[in-house]
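With chain A's structure known, arrange chain B on it following the hints.
Letter by letter, the chains look like this.
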Amino acid sequence: MPPGRIAKVLVANRGEIAVRVIRTCREMGIATVAVYSDADRGSFHVRFADEAVHVGPSPSRQSYLDVERIVEAAQRSGADAVHPGYGFLSENPALPRALERAGITFVGPRPESMEAMGVKTTARKNMADAGVPVVPGSPTPIADEAEARALAARLGYPVMIKAAAGGGGKGMKRCEGAAEFGRLWQSARREAAGAFGDERLYLEKFLEKPRHVEIQIFADEHGGCIFIGERECSIQRRQQKVVEESPSPIVDERLREAMGQVAVRAARAVGYRGAGTVEFLVDQDRKFYFLEMNTRLQVEHPVTEMITGLDLVRMQMLVAQGERIPAQEDIVRRGHAIEARVYAEDPARNFLPSPGKITYLRVPAGPGVRDDSGVYSGWVVPPHYDPLLSKLVAWAPSREQAIARLLRALSEYTVHGITTNLDYLSAVLRHPAFRSGEYDTGFCSRHAGELLSPPDGALEEVALVAAALAAHKKDTEEAEAFAARAGEAAAARSQWLRLGRARSLRGALR
Amino acid sequence: MTTRATYVALLDGGKRERTVEVTPLEPGVYEVRIGEAVHRVDAWRHDHGTLSLLVDGTSHSATLDERGSRVHVRIRGSVFPVEILDERRLRLRRAAGRFTVEGKQTVTAPMPGKVVRVLVSAGAPVEEGQPLLTIEAMKMENELRSPKRGRVVELNVREGQTVEGNAKLCAVE
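Protein sequence lines, in the order shown, are assigned to chains A and B.
Residue numbers for the first sequence follow the working numbering, beginning at 1 and rising by one.
Residue numbers for the second sequence follow the working numbering, beginning at 511 and rising by one.
Extracted from the complex, chain A is given alone in its bound form:
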C-alpha cells in the first residue's frame, strides 16, 4: 500500500551511511532520527540528525542488531519510516515484519524478497529456477564438516566457503586444498555466527581469475524495474571490496545489456521493490554467473550516482512513498567514477584494525571529488564496529582522468592519530595491472608485496628537516613560556616590594 509522504525517518545505522542517508533526507525536507549505542554517543551521525535515540550497549547485537529496540525507537520518536542503511538489520526480514505490525514504512524490499535472496542457498535455487546462470556448488547449506569436505573434493579445489546468511565478505573463505579445509571451515563458522547469528555454511566452486561485476537495479510498486549500470568490484582483500569503479573496463554495451536484463529478471523473480544489487562473477570468456543479490543499498552506490547524476537514497525514499521510478531509457551514464574505501587499518601489520582517536582530519576537495565520511577530528573510532571511515569517490570524463583525480584526492587526505590504508589505496590505483584494466579478484593477493611500497628514500632528509624544526619550535616556545612565567614572578615580587615601601612611606608621612 502506498503510505504517502514520509515526514520523519529513523536511520537504523551508524557512521558514514547514516550520515549519507540523513543528507538526502535533509534535502528532501524529511526530519531524521539517529540511533546510537553507548560507544556512539559522540558519533558524527548523532550530531547530524534532528533527533537521536539511545538503543543500547556498545556490542551491535545488543543495539544496532536488536530489532525490538530499533522498532521501539521508531515508535518513541514518531518516525513514519525506517531506513536500514547497509549491514546490521538491512537484510533481516524480521525488521520489515516488525515495522509492518507497528504501522511504520520500511525503506527497502518486502520481507519475502529478502528471504528469497537472504539465505544464499535458497537464492541460488530461485535463480537457477528463473533461468539465471549460477556458480556450481552445494544446493543446500551443509551442517557437517566431513560432508562439506567430500563435496569440496568433488567440486575440485580451490573452493569458496561461504555463510548461507552471508554478505559483505564476513564468514567467507577461499580454500586452496584439503589441508587447510578444517581450519578455514571452523573460522568461517565462527565469523558467520558472530556477524549474522547463523553459522550455516555452503560451498561454491572457485572460478579461475573471475571478475566481480554487479548490476544496480531499482523497482517500484507499479511494475517498474530497471537496471542502472554496473560496478566493477574485483579489487577485494579477504573478500572485502576496496576499490570500485564504473563502467567496468571489461563490460561493453552488449554485455551490459545482457547482464542488466538478467539482473532485472532476477529482481522480478522475487517480486523486488526498491534499490538492489545483483552480483555476478564474470569468467575469462566473459560468461557471467549469478553470485548473490544484496537486497539493500550497497556501500559503493556513490559510484553509480556519480556517473548517472541520480540520488539513489532519494529514489529509495520516493519508492517507499509509492512513487514511480524513471524509465529505463531515461537512465544516462556519463564519464567514469572510482571509489576508494578509507579504512582504519594498518596495511603494514596485516591490515589489523586501528581504532583510536583521530587527532586531526583534513579531507580532499576540488573538481569531481566526493567524500562520504562518518568521522571528525577528535572522534575516537570505537573497536566495536566495521573500521570504514569514509568512501572517497572521483568522477572524470575518462577512466584515466578519474584515476589521476582519485590519486590526487588521496594525496590530500590527512588523518592523524590512527593508521589508515590511504597509501595502500594509492598503490592500488598506481599499479600497472589496475591502470590497464586487466585485473581480477586475485589482484590484491597476487600483488600484495607491490602494494606495500616503502617510503621514498629521497624524501627522508625533508622529513628529518620537518621533524627537527617542529621539535625546535616546540623547544623554543617552551623556553619562551618559561621565561614569560619567570618574568611575571619577578614582576610580582617587585610589586610586593613597592607595596612595602609605599606602606612604610605612608607610615613615615603620618
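The set of hints was computed from the structure by calculation and includes no laboratory data.
Please read all numbers here as calculations on a predicted model, not as lab measurements.
The reader is advised that the hints may include incorrect statements.
[Stated by the list, open to error] Here are the simulated SDA-like pairs of lysine to any residue, each with C-alpha atoms no more than 20 Å apart in a straight line:
1. A:Lys473 to B:His558
2. B:Lys614 to B:Ala681
3. A:Lys474 to B:Pro537
4. A:Lys474 to B:Asp596
5. A:Lys8 to A:Glu72
Quick look at chain B alone, frame taken from chain A:
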C-alpha cells in the same frame, strides 16, 4: 630566539640514527645541517601538525602525526616514523638500554577483542612471522605473528578469553 640546537633522529624503529643541527637565521628561516648536507629552510606553520617548508626553494607540505614518543612525518605520500631526541633525552634513552630489538619481545593485544585461537604452546619454538594467536575484533579475525625467531617463554591467555587493548598475550625470546 634560541641558538643552535642539535637533535638525533631515530629511524627504522631505532635501528638507524642521524644527527640534525638547527641554526635559526631570522624569524622562520633556519640553516639545517644533516651530515654533510646543509639546507636553507623557510618554515611556516599551518594548521595543526602541518608545516609548509621551502627547502632550498622547493615547496614541501609536511604533516606531523604525533604517536607517543614518535612522530610520523609524511612528505608527498611517504611516511617516516621518527623519534626526535635532544642530547639530554638521548643520554636518558641510552641509559635505559632499550635500543635493540634483541631479547624478550612481548606480544600485546593491538585492541580490545577476544582470543579465538591460540596456535602455539608455552615453550614451543617459533619462526619470525609465524602465527601465534588469532584475535577477533571489529568483526574480523586477525592473526598475530611472532616478531622474531625464538621460543614462546610466556603465554598469558587461553582461547575464548576477552582481552583489553595492550594486554600482554605472550612473549617470545
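Hint by hint, where does the structure go against what was stated? Just the numbers, ascending.
Failing hints: none at all.
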